[in-house]
Amino acid sequence: MHAKFTPEERVFQQEVREFMTNEFTDELAARIRHPDSFREAMIEWQKKLDAKGWAANGWPVEHGGCGWSATKRSIYSNEMALAGAPDVVPMGIKMVGPVLYSFGNEEQKARFLPATKASDIWWCQGYSEPGAGSDLAALQTRAVRDGDDYIINGTKIWTTYAQYADWMFCLVRTNTEGKPQAGISFLLIDMTSPGITVSPIISIDDEHHLNEVSFSDVRVPVANRIGEENEGWTYAKALLTYERTALSGVGYCKRTLQRIRDYAANERQGGGRLIDDPDFQARLADVEMEVTSLEYLELRVLNAVDKGGAPGMESSLLKLKGSDCQQAVQTLYWNLAAAYGGVLPGDDHQNVSGHAYGDQARREYMFGRATTIYGGSNEVQRNIIAKFGLGL
Amino acid sequence: MHAKFTPEERVFQQEVREFMTNEFTDELAARIRHPDSFREAMIEWQKKLDAKGWAANGWPVEHGGCGWSATKRSIYSNEMALAGAPDVVPMGIKMVGPVLYSFGNEEQKARFLPATKASDIWWCQGYSEPGAGSDLAALQTRAVRDGDDYIINGTKIWTTYAQYADWMFCLVRTNTEGKPQAGISFLLIDMTSPGITVSPIISIDDEHHLNEVSFSDVRVPVANRIGEENEGWTYAKALLTYERTALSGVGYCKRTLQRIRDYAANERQGGGRLIDDPDFQARLADVEMEVTSLEYLELRVLNAVDKGGAPGMESSLLKLKGSDCQQAVQTLYWNLAAAYGGVLPGDDHQNVSGHAYGDQARREYMFGRATTIYGGSNEVQRNIIAKFGLGL
Amino acid sequence: MDFSLSEEQQLLKDSLEKFVASEYSPTQREKLLHAPAAFSADHWQTFAELGWLSIPFSEEQGGIGGGIVESAIVMEAFGRGLVLEPFVDTVLLCGQVLARSGNASMAEQYLEPLIAGELQGALAWQERQSRSSLEHCETEAKRQDGGWLLNGEKVLVSNAAANLLIVSAKQGDQVGLFAVPADNPGVTLQTLKLMDGRDAMNVTLTDCQLTAEHCLQEAGLQLLQQVVDEATVALCAEAVGAMDYLYQATVEYSKTRKQFGQPIGKFQALQHRMVDMFMLTEQCRSLLVCALCSVSDNSETVTEDISALKAMVGRYGRQVAEEAVQLHGGMGVTHEMNIGHYLKRLMMIDVTFGDADFHRRRYCNARYAA
Amino acid sequence: MDFSLSEEQQLLKDSLEKFVASEYSPTQREKLLHAPAAFSADHWQTFAELGWLSIPFSEEQGGIGGGIVESAIVMEAFGRGLVLEPFVDTVLLCGQVLARSGNASMAEQYLEPLIAGELQGALAWQERQSRSSLEHCETEAKRQDGGWLLNGEKVLVSNAAANLLIVSAKQGDQVGLFAVPADNPGVTLQTLKLMDGRDAMNVTLTDCQLTAEHCLQEAGLQLLQQVVDEATVALCAEAVGAMDYLYQATVEYSKTRKQFGQPIGKFQALQHRMVDMFMLTEQCRSLLVCALCSVSDNSETVTEDISALKAMVGRYGRQVAEEAVQLHGGMGVTHEMNIGHYLKRLMMIDVTFGDADFHRRRYCNARYAA
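Protein chains in written order, with the UniProt record's numbering: chain G, 1 to 392; chain L, 1 to 392; chain X, 1 to 370; chain F, 1 to 370.
To be clear, the hints were calculated from the coordinates, so they are not data collected in a lab. The structure presented is a predicted model; accordingly, all values stated were derived computationally and were not measured. Check the hints yourself; a few may be wrong.
[Claimed, not checked] So, partial list: chain G residues that the calculated Cβ filter (under 10 Å) puts toward chain X:
no., residue
1, 17
2, 20
3, 24
4, 35
5, 60
6, 131
7, 204
8, 271
9, 339
10, 362
11, 370
12, 378
13, 383
We put the beta carbon where it would ideally sit given N, CA and C, even for glycine.
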């Protein structure tokens, strides 16, 4: 049992670090931060990763994946996080990608996989509905067969980045009889189809990430259905597992803790430095220990996967603990920023507050409230672990 | 809104303080601490309180109560706790007493109330059964009518101080049909009746407080039934409310915190005093604030009762928060004692450990584990508050 | 000991609750956020007419002689409705420093318009390096020509509508308190928009000249601490009002929102968490009662009692709001639903006049120091 | 990076689990509590025969060259069964100080009987005033006649069966380590019974004379800290084994215990709490893996990693055990049921070599010091 890197792994680490330093420029970072340039800049970044062969690193090698060991995956995401570079937008490469190569037919794979890898398609996820949040199987959006098409009517909600999306992967009801889980199909929907309306939802961080997407007699070719009719739940469940593994956010936590330590070393409190305050230290240490334990929990899961174990209930554990850790880090960041975190950005924000990070601390705290809600709320994760993990 | 005492209240406070100082002697305290002399010494103490007119202070004045205001009751229990004096054993005066004067007939009142007040009867409570813990209504102990008697068969468990008791107040099943709450009767049982077996249960503090009490064809006169047959649940529910109000333990918490502060001022850690350690201070402060909030929660309830409000759901809140606070105080006490708390008493305990309080810290922590279980577990209290307090 | 309200206090409470119920629906409030200085000048006039602005002033000063309990009654009602008008800043901070400073000329000049609703006030104490410490003040006051010259910078000063600033400034070894009209040519103001919808400002004092009488107290730290302490209690009352709203709104939402075929309020795990929200609210209310009595009785433990209250409100206020967001699910994270606005206000209350950790340490220092 | 066990490690694990399953039922364990020194001399001989006592010693010293991972494998299995035999005291504390001290004569004299199961050891470091600090040592060692004279008192020394004590003692500015036979006429022992069933002792040293070679190291603090750190990791492995047992036993109990007409494991609020017990256990196991790698790799962050592990195990170990007691209801508070015994052991592990707060502060000092 050891956590050391081999010489080859060290070379890899150096390669990733250099790539991030050279390619993730301050200019690119600034464009990603700004809502107006976010989409274009993210695609540019993902294309850089793809050019290096890393965009879809977790996919099977035959579809352009890297076949990395757990150690290499951990090195990659660590270096990425430490450079402050964002991972790819998850909906394409991390969510629908695995469904496509696992359950799609040859034509679908050929049409969508390379384009997804190259970020030529921006995907969004059409799962939640106003009446079906954590109880996903209660979804009501109807797809009625009409010749070679389905006709879709209904509403999806909390759809992240729908305003940017070219395509949506979507769960629809093709049968209203039997158990709610039966009768669901998995469709790929062109967002330019007539009858789709995307309406923004403003979040409590005052940003526009989320949308409501409504369908009024939208035609979707049957050829865009993944797998069998009424079997969509099976594919979605497999996807949820991937999604949860993608959600631990340990890299984000580590990077933010690094920032917090740096800022706290410069923050003055009365006479001294905040980082020397025993109460602040105790609070910081509590969070750091939780994050280290999350990091090793994730590494243990990845290690087990390397040895042939499939991510099952552990992925729920990672989602649960990961979202708790992210919120704990965000709370600490907010504590650090204190009243300066409450100042909304003005024309001259940095000068005004004297604390450039106050604005970031507040946004991340606010944005992070959703972490324990989406992707299956933490309450649902606990139900899943109780049932499948503990046999209750 | 104020918390000041009137001159009359100040005189009362002085009177209680002097009584405690004079009557609760070190010699008596020592005998109460020792299991062999506990029963006799407690009766002696309760008789002193009764002679002063204070034993059954919460009873209606016509039965020997004091008619105190919330302020006076608070002064009384505060002074008692600060003197380290134990309150009366609750089963008689605090639990069965109110049932007797509320629901007993004249003969029962005459026979039992004065003797209970004078501590001439030691009561125990026969509620829980092996299959009926928090789900009290599931109790199975049968009482079958036979002329002027009931014949009792069954088993009660977790019966505190049954080894000392003269009488038990007891819930038995007189009807097996209908809802489980129907068909329960409330009986007073002479513990010297043939067919009763009391078996000790040793707790994790290695002490004998609890017992199993089994009934084999035990005859109980119908005259010892409180109220109507099959209506016992109603009387028991009323009693549970009284019991929970009696369980907040704020006096105990305050006295123990005082001890912890005193000991921590003398405990050496490396070079300095433990009380000056910022981590210990923070932990102590967290608990002290919780206890102060419990104290004022209780005072608010008592104040409302004075103004004519009946203790309802608030009593569950006091039980819930009170037991949490007691355990928090005990954990802090254990933290203070650290490894010395693990030493079991020997012939020369104080010398051995060098920390007289280590033994006490461990015992109280261990004994306190039951606080969140008995009298309706905290899980059941939460259910009650959700249902009756929040309407869920 | 008596925790009940007097008849007058109960009437005050009723009229405040009536005002909030009729004037502070989420839609009405949303509109006010876009008004100048982010509150309603009309409401402020109503407050003056109803006598609310005169509450904590003595009768000689034109008030009705109310105390900390009356202030808490106002702020708890305001907390339930997320009322935006700057009662704490103008009446409890600026007004109380004026009223208690012993400087009759300033009191005479400013209290009457303040009580009449014609003057807004603010307390400018915080500086970039001070974090939550009142005494760590680097703004300087120097005597000059029989008057004073102030130089320095104050940040995050609440109430951007203020006509009069109370400024703390170091003079020698002491912290003095000064009444500084906002239109003094030595004053530069920069408005900041805060997350809870309010407007604050940074204040720069550059050779700001004041007459001698504008010095309220040359050694004012004790007065400053006392006024801030009592305003802190009022802020905590506001927080308790907001927490009360949040747990009740969450319970109501859980009765209507269905998942897995039943209202989510039927799930035991959620029931227990709502019970905890209720319990945390009642705990904060209990420490509020404790602090109110302590201030009213001028108790020896007043510092500990106020810091205990602020520490608990800071921690549990945010916890209750976070739980409310979580139990509202997706709806909880939208700008449209008011739950998030309560969260933001409770977060701001936590960081005003020192957060939970700051007050826990202050409690420790008051209670355990050798 | 590789967290899997080698084939030999897996075999060791299997044989340990087999031993615990066959020899450590609650009834079997209860009997051992009444044996001399509260463990089984027969079991100890079995350990010696199976080679377990030789695990962490180099081949030159008669061992099999195992490392921290092997020690953790032993202790995790022992934790699941609440095994009483003093593996940590004799093998990991006394044995490792001897093995690493560089004092060949003492190692030669004592290691062979120790590995053969003929010698019991203990580490006598704690003093009345030291609390958890290894360096705050008032027992004194003075040079005399070419040897040493020790005076002082050590408390709560684990393993009352010890024939050989490793004693820390101040000599000048340094903390020396000495091998002190328990039958030295200058040694007085007083046995203490501990709540987890074990026997400890207070040790008084009165003009205790030792030859020069009994001084293992004159400046031994670093060695002492290193050996204690690694033993701490092993204790944490024991705790993880105990936590693992507790959450599983609670889940099983909840499937059979009925209340309100159904197994209590069907109540959602209890399900979520058992999920948390499981999660806390997995978190502690994750930090155990981290610390094992850190020790094995001789990482720069080894102090932080060990203290993080001990802090988390201290806090969550007790929390998991308290929840297990609570969810067992009345049964959880009886001496008869073994749940309470696990609680007691986890409480003792928390307070051994510094509790959760002590190690959090040590973590802070290592990580945030300017």
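Mind listing which of the numbered hints don't hold for this structure, in increasing order? 1, 2, 3, 4 and 5
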